[in-house]
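Novice: Going down the list, the sequences are from chains E and U.
Residue 1 is where the first sequence starts when you use this note's numbering, and the numbers rise one by one after that.
Residue 1001 is where the second sequence starts when you use this note's numbering, and the numbers rise one by one after that.
Keep in mind that the hints were calculated from the coordinates and are not lab data.
Owing to the predicted nature of the structure, the values given are computational and were not obtained by experimental measurement.
Idealized CB from N, CA, C, for every residue including glycine.
Derived, one-sided and incomplete: chain U residues facing chain E with beta-carbon distance under 7 Å:
hint, residue
1, 1073
2, 1081
3, 1102
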Amino acid sequence: MPETSRKSRLSRNRTRSAWLFLAPMLVTLFIVAAWPLGRTIWFSFTDASLDLMADAKWVGIRNYLEYVDWGDGEGQYYGLLADARWWRSVWNTVRFAVISVAFETLFGLVIALVLNQQFRGRGLVRAAVLVPWAIPTIVSAKMWAWMMHDQFGILNDMFLRLGLISHPVAWTASPDTAMIAVLIVDIWKTTPFMALLILAGLQMVPQDIYEAARLDGVPAWRTFRKVTLPLIMPAILVAIVFRALDALRIFDIAYVLTPNTDATRTMSVYARENLFDYDQFAYGSAASTLLFLVIALITITFILATRMDLEGRNT
Amino acid sequence: MASVELINVSKSFGKVEVLRDINLSLEQGEFVVFVGPSGCGKSTLLRLIAGLEDITGGELRIGGAPMNDVLPAKRGIAMVFQSYALYPHMSVFENMAFGLEQAKLSRSDIERRVHEAATMLQIEPLLDRKPRQLSGGQRQRVAIGRAITRDPRVFLFDEPLSNLDAALRVDTRLEIAALRKRLPDTTMIYVTHDQVEAMTLADRIVVLNGGIVEQVGTPMDLYERPASQFVAGFIGSPRMNFLSGPVAEAHGAACLGIRPEHIVLTPEGGDWTGRVTLTERLGSDTFVHVEAEGIGPVNIRVEGRTDIAAGSTIRMTPDPASIHLFDAAGRPVAR
Ligand SMILES: Nc1ncnc2c1ncn2[C@@H]1O[C@H](COP(=O)(O)OP(=O)(O)OP(=O)(O)O)[C@@H](O)[C@H]1O
Ligand SMILES: [Mg+2]
Chain E
1 MPETSRKSRL SRNRTRSAWL FLAPMLVTLF IVAAWPLGRT IWFSFTDASL DLMADAKWVG
61 IRNYLEYVDW GDGEGQYYGL LADARWWRSV WNTVRFAVIS VAFETLFGLV IALVLNQQFR
121 GRGLVRAAVL VPWAIPTIVS AKMWAWMMHD QFGILNDMFL RLGLISHPVA WTASPDTAMI
181 AVLIVDIWKT TPFMALLILA GLQMVPQDIY EAARLDGVPA WRTFRKVTLP LIMPAILVAI
241 VFRALDALRI FDIAYVLTPN TDATRTMSVY ARENLFDYDQ FAYGSAASTL LFLVIALITI
301 TFILATRMDL EGRNT
Chain U
1001 MASVELINVS KSFGKVEVLR DINLSLEQGE FVVFVGPSGC GKSTLLRLIA GLEDITGGEL
1061 RIGGAPMNDV LPAKRGIAMV FQSYALYPHM SVFENMAFGL EQAKLSRSDI ERRVHEAATM
1121 LQIEPLLDRK PRQLSGGQRQ RVAIGRAITR DPRVFLFDEP LSNLDAALRV DTRLEIAALR
1181 KRLPDTTMIY VTHDQVEAMT LADRIVVLNG GIVEQVGTPM DLYERPASQF VAGFIGSPRM
1241 NFLSGPVAEA HGAACLGIRP EHIVLTPEGG DWTGRVTLTE RLGSDTFVHV EAEGIGPVNI
1301 RVEGRTDIAA GSTIRMTPDP ASIHLFDAAG RPVAR
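Just chain U, with the same shape it has in the complex (with noise of 0.2 Å):
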């Protein structure tokens, strides 16, 4: 009933194309994350979604219904700013309310929707105060607050955790997933270029690269099966090594790829032998940077901690099953 479907969806401001022929299909109660690298069009493709910007060619539809020139309000939809929005010279019931003002619900449907939502949330003792006099991560949550009150079909959220400190984006992070638990019926659009985020919160991830997208599919699909190079590298972290010459032309490619983690160290003789330059310890985690002979700088990942000292000099192997395989192109090489 809420799905969301965009049909060669393409924007322009002016005469600069931003996004381009953009194909896509959200079920009901799908989560999906938009990521892709800063200035690619996460933000304006929600705001198309959200009716904030017009749509320049092709069509937006939502729950089967064309949206393209639908007003923002009426499209029942629900967005979370990256800088919160909240009203500065309202409280935060008020903030929450404003909106159910405008939608003419009785007094008392107000109340108990910004009880309902504020009890959710755990914000409810701070009903009286003002914006400004919260934390950054108590903003926050008015403002996902403000938008459950709405009871949107689709939930946009853009870049929501970007302003918050590590550990608060990590809770917050996990009280979005609960909160997408007890709203199982609504999709879930969420804007963001935390890997992390994307990985850990996504039904499906759409990465997006210079206005169109690369590919759509399952966290596992995009991490086990990239669709370009720009996938592979931009999902992972740390990122996937690229190796070019006589390594990838061995396997008749342009460029190999392996992720730092499918690489093993085998000090009783392996296929590469290099030099250490770097390690850097996280304690669940070791990186290993070496200088590989006759194929370049290659990062390795080692679990636990281990001793392997900068200037030693060390074999490897990886795992011929997690190798990946490009063209000049960029495009995946069946192996």
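Extracted from the complex, chain E is given alone in its bound form (with noise of 0.2 Å):
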């Protein structure tokens, strides 16, 4: 009896002192997190703009959807719901985060297979290829700006010389081209970041199971295919999500390279619009918000979807 008593009084010990080191970031995630979450959720349910954040009124939903009728028996459908230039918006980023996480882990995964074999340089390689994840988004951004500039970017010169396109293309600006620029970016500047994640997993496999595999006679793709893979495959899921969450937040390059373009409009550029630019702070938290429950809907998805060991249970 005595033997269980100080054992329990031993882990009510270990549960107090794990809250105490848990508190500041539970505190800190509270006050950074939950607390601006929870006003923009309140706020979208009232009709508060950008100077009358005080008086801010509640009006139910209907910053969401409303129905107006218009007396003579028709009527229309307002809020964010009905709002098509929304939906684009989140077709958008949808858009832009399958296509440009699929070629990050694509790239990345080819990046980190080719860093993680032996040859000279190794070390100095690694650090290079950090280097478009190493500088500010606004500052890339900028930088390809003024490459896929129609009159003077270097890409247009290139592609002209070599005879790819036959008159400049104005990248940035074109509809049609505004989209794959800021793929182009993105891809370039997160490229690194998977690579490096991934590259932590390929560590992580242990080496003599490929000498197993040679004596096995195991040719090198299936030998990838069957070892490799299922072992990085964790470290790859997170790595995923990791990007997913980033790259439907998208903003800063859209932002800065393809200004007031519909075909690059995503909802963190569509809630920006509507808090700061049109003065329809309500609105604009709206957006937020839905932006919020879509990127939890499609990463719990994800997560369910991979059936993901977030909890080690593999390992």
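Hints given; two lone chains; assemble the complex.
Specialist: If you want it as structure tokens, here you go:
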């Protein structure tokens, strides 16, 4: 009996110190995450505007959806959920996230496999690969904007010389290419991050099993498919979730590189426009709230669909 | 048919020569153990035979055919790694079947071979488990089982027992001895630095030191007729006593070697007198450490238990027939 009571006192102590250690983070998280999020959700149910935030009054779900009856039996839906521009920006964002993360994962995997090989100057190359990731996004967006400039950009110059295009393309301004421009910059910038996360996963794979596979005469491609890939899959999935969370919030590249284009207006850009440019603070808050829900939904679906091992049961 | 021959084999990593002029000839069905101190090149030699490393110079033949440029998978060898090298994401069955699938065997053939090996090693109930759900000893058996399914001509072991605890080591050692009886035509090469494993398992022992072969011989050859002071010190436990000075010079040698079990206590007068500094009691034996007058520290092995206490003075006599003599270079001196 005294045995068990002593043990439980010990574990009570451990629980108490665990909470003590967690407290600063919980408080910080509450201040910087939970509180602003709660405020945003609250504003989305009010008629707040930028200069009248204090007098904001509850208006229900009007910002999200409202049916206005015109009196003659006709009427129309208003609100975010009935806004085609909003749905366009949701589609833009999701499309951007899927394509960019797919390419970043693919390129990141290839680069990680190369960086995992023994060769002279590997340390230097590993550091060099990180450069695009280290450059602030605004700087790289401006840099690319200049390279993609329709008259003076190096991209048009090179493509013209190579004969790939017959006349200069306005990469960032033309609706056909604006999304491609944003994708190129994002993929260029973020592939190193993916490569590094996947490289970390690769380095966890024990080397001796590759020798076992060699003795078994397993060809390189099959070794990759049957041994390497399954073993680094958890790392890849975590990297994808990280990247997807980021990509779904995409704001800076789209905003700096291709301002005011329907083709690249993302959820974040849409929310910002309403919050600050159009003085529709409540409406912008509603957009921010939906943005949060969309991201949460997609992430949870992804985690469930891939049966991701977040609790480390398999390690 | 599956003899293994090494002819003037050498191996360098960059400028560092790790193995030099290795000449060995192993017969089919022989169990040969490579021993030697850490870093002497045992693993490297094994990996050369497996084909995991390229041979820098010389020739390797298996079953009479040159193997220098043959892919590992085509050499008819199987290897058990010190770290087991099991695929962590595959079940025991898949681990054992993976290589066979590559060999284009039919499904029923694969299942038959895996189950045969599993039965032989009593791991049948574990076939659905992942390696992380196994104990160290079970993993070791799976690694051996995986090697067996390959039906190799030459079986290579690199310190297969070094990650096991003492009791399990003994059990697994006996199992390897049994396995060896069941596969009488398979040549086995076994790397260890545990000389008990070497003495008990080997038909012949190859003692390596600093990248060269010091001696090749049966365990008793090595024990009774070591070809150098190094081998004399390396084989046998506890270590042979090496005495220099007047005792050795009296025999015309630089060094006199005598094993602890070849010195007998002779209370009624003996050749040497000494003061006991320490006794180690193992139950079956007692090791008595003595500071012998005019000779130096000597370790004596006494069967059973004795009541000799530290600090007492004893008399002892070395068995003249078991004395080994070495010159200054460590080579044996003829008596
Ligand atoms: N890939 C390599 N590159 C350079 N040197 C190596 C390499 N592999 C082994 N060596 C060197 O070769 C020598 C022999 O190594 P080896 O692994 O064969 O020793 P060993 O006898 O198996 O030792 P242990 O008992 O500790 O396992 C060592 O000095 C080691 O440093
Ligand atoms: Mg070794």
